[in-house]
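Protein chains in written order, with the numbering used here: chain A, 1 to 323; chain B, 1 to 117.
Among the hints, a few may not be true.
[Unchecked claim] Keeping only pairs whose Cα atoms sit at most 25 angstroms apart, straight-line, the calculated SDA-like set for lysine to any residue is:
{"hint": "1", "chain 1": "A", "residue 1": "K223", "chain 2": "B", "residue 2": "E98"}
{"hint": "2", "chain 1": "B", "residue 1": "K70", "chain 2": "B", "residue 2": "A105"}
{"hint": "3", "chain 1": "B", "residue 1": "K70", "chain 2": "A", "residue 2": "L236"}
[As the list claims (entries may be wrong)] Non-contacting residues of chain B with respect to chain A, defined by C-beta distances greater than 10 angstroms in every case (computed):
{"hint": "4", "residue": "A15"}
{"hint": "5", "residue": "K20"}
{"hint": "6", "residue": "L33"}
{"hint": "7", "residue": "L59"}
{"hint": "8", "residue": "D83"}
Please keep in mind that the hints were generated in silico from the structure rather than gathered at the bench. C-beta: ideal position from N, C-alpha, C; glycine also.
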Amino acid sequence: MAVRSPGRVVEGRSGLGMVEQSILAAMDAIRARPNSYHKKSLAVLAAVEEGIGLAPGYAYEMVLDLARPWVVPIRLVDFHGNFGGRDYDAAGPRYTECRLSPAGGLALRSERGEVPPLPIGLINGNIYAQGLRPPLDPLRAITALRRLVDKPRSPSREIVELVGPPEFLTGCDLSGDLDSFMAGRPTALRLTGRVVVGDDSHLIIETLPPNARPHQVIETIIKVDSPRWDGTFPQLGAATRLGIASIDNHSTSDDVLRLICTLRPGVDPHQAAERLRRVPGVVTEIAVAHPVPLADLLRAWVKHHQSEDLITALDSLETTLTT
Amino acid sequence: MVVGSCALFLAGDMAVLPVKDADIVPDPSPQNLDCLWEALTDMAVTAWRVPPRGRLGTLDVVPVATVYGKVDCLLERGRADFDDLLSRASLAPVADAEVAVASEADCRRLRSLYKGR
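With the rest of the complex left out, here is chain A (with noise of 0.2 angstroms):
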C-alpha cells in the first residue's frame, strides 16, 4: 500500500512555507518584532528579495494575506495602514508597515529550534497560497493535539470531533463530503453565505464566502435578476429570477457584512432565500484535500516531535491566540 507522507506540514517546526518563513526572518533582520516599531513594508520586501529573490509583488500578497483576519486564523503579521479589503486593493508597500505579530514571533522562534514545534502551518492550512489544506479552527486544533499528546491512542473518532470542520473565518455554512475531507480524500466543499429573511419584503445576506467581494456579488445578484427571458420564456424568466427589487451594501466594515435585497411585492421570501443561496457568489466550492487522514496528520505530527516539550508549545501558542 502506497503511504503519502504529510510532508514539511508535520516534519517543519512550524510547518510554514518557505516564503512565509522567509517574510517572517526578514521582519526580523529589519528588527520589525512585536515589541517594536512597525516597519515600512517596502524595507520587509526588499529584504525578502535579498533574501530568496522573491519579487516584492509576489511577496506583499504573502505579507497582507498573514496578516488579514479572513485569511488565516493564526495572523503572523500587524499590520499598520490599509492591508485591503474583501471588496478594494490594499494601499501600496510604500506607504503602510507592517512587523511580526506575537503568533509569528513565536512561529520564527520555533524555527529557530528556540522554542518547541507549531503547528501553525497544520491550522492555516495553504488556501490562501492556492493550496488544498483548508484553515482549522485554532483553539480546537490545539485541543485535539494536546489530547495525542496525553493519550497518543486516542480513537481517530475522538480527534476528528475535537478538531471539527474547516474553519473559513467569515462564518459561511459549510456542507459537502466532510466525512472525505476528513478521511484524506480529495472533495470539494461547499460554503454558502448566510442569508436571513428579514421581514416580507427583505433578505439580509450577512455573510459569504472568504473568497466573494460584496460588489461583485451584488453585480451578480442584479444579473441574475435581469428580465433577459420575460419577453420570450416567460416561464423560464419566472423559474430564474429571485424577485428582488434592489440591492444595497450596508456593510460597516470588513468585519460586519450587510447585504440588504428588497423584494418585489408579492415574492415569497423564503423561496428568495433559498435561490439567491444558489447564486454564484453567495455560494462557492472549494477543493481540498489532506495529505493523509486529518487524524493521522495530527498524530503524525505529535508523533514526529514527541520528543520535545510539546504541551508548553500548545499553551504559548494558545495564550498567543487568547491574549
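Since the structure of chain A is provided, determine the placement of chain B on it from the hints.
Okay, now just chain B, sitting in the frame of chain A:
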C-alpha cells in the same frame, strides 16, 4: 445542444445528481457562435473572462462561470460532430423553452471521452 450530466438529467437520469455544470456542444456556424458569444457575455459573472468573439471558432473548450452556474462550451466537439450529434438528439422542455439534448448513448460516449468514465 446540451450533453453531459445535465443532458442525462434532462433525460430522466437522477443518478447523475448533483449536476455541477452544463456542458454544451454549440452549432459551429459563425452566426451561431456570434449568438453564443453574446449570450455568454451577457450571463458571465465577469464578462471580460469570455474569450473574444472571433476566437470561439478556433478554441477547443471554453469554460464560463455564468450567473446561473458553470457552462463548459465544447467547441471542438461542435466543429467535429455537431450535425451527427443533432441527428440523434431530442428536444427537452425546460420551463417554457425547448432545449436540444444529445442522446443518452452520445452523452455517455462523450463522458468517457472527456472524463474517462
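Now the hints, each set against the structure:
A C-alpha spacing of about 22 angstroms is found between K223 of chain A and E98 of chain B, which places the hinted pair at or below 25 angstroms, so the restraint holds. Pair hint K70 of chain B plus A105 of chain B holds up; C-alpha atoms about 23 angstroms apart against a cutoff of 25 angstroms. Restraint check: the Cα-Cα separation between K70 of chain B and L236 of chain A comes to about 18 angstroms, which is no more than 25 angstroms; the hinted pair holds. In this structure A15 of chain B is separated from chain A by more than 10 angstroms, as the shortest Cβ-Cβ distance comes to about 17 angstroms.
Look at K20 of chain B: its CB is around 8 angstroms from the nearest CB on chain A, not clear of 10 angstroms, so calling it non-interface is violated. Taking the minimum C-beta to C-beta distance to chain A, about 19 angstroms, the non-interface status of L33 of chain B holds against the 10 angstroms cut. Look at L59 of chain B: its CB is around 22 angstroms from the nearest CB on chain A, clear of 10 angstroms, so calling it non-interface holds up. For D83 of chain B, the requirement that its beta carbon stay farther than 10 angstroms from each beta carbon of chain A is met, with the minimum near 25 angstroms.
In the structure shown, a violation is registered for the earlier hint numbered 5 alone.
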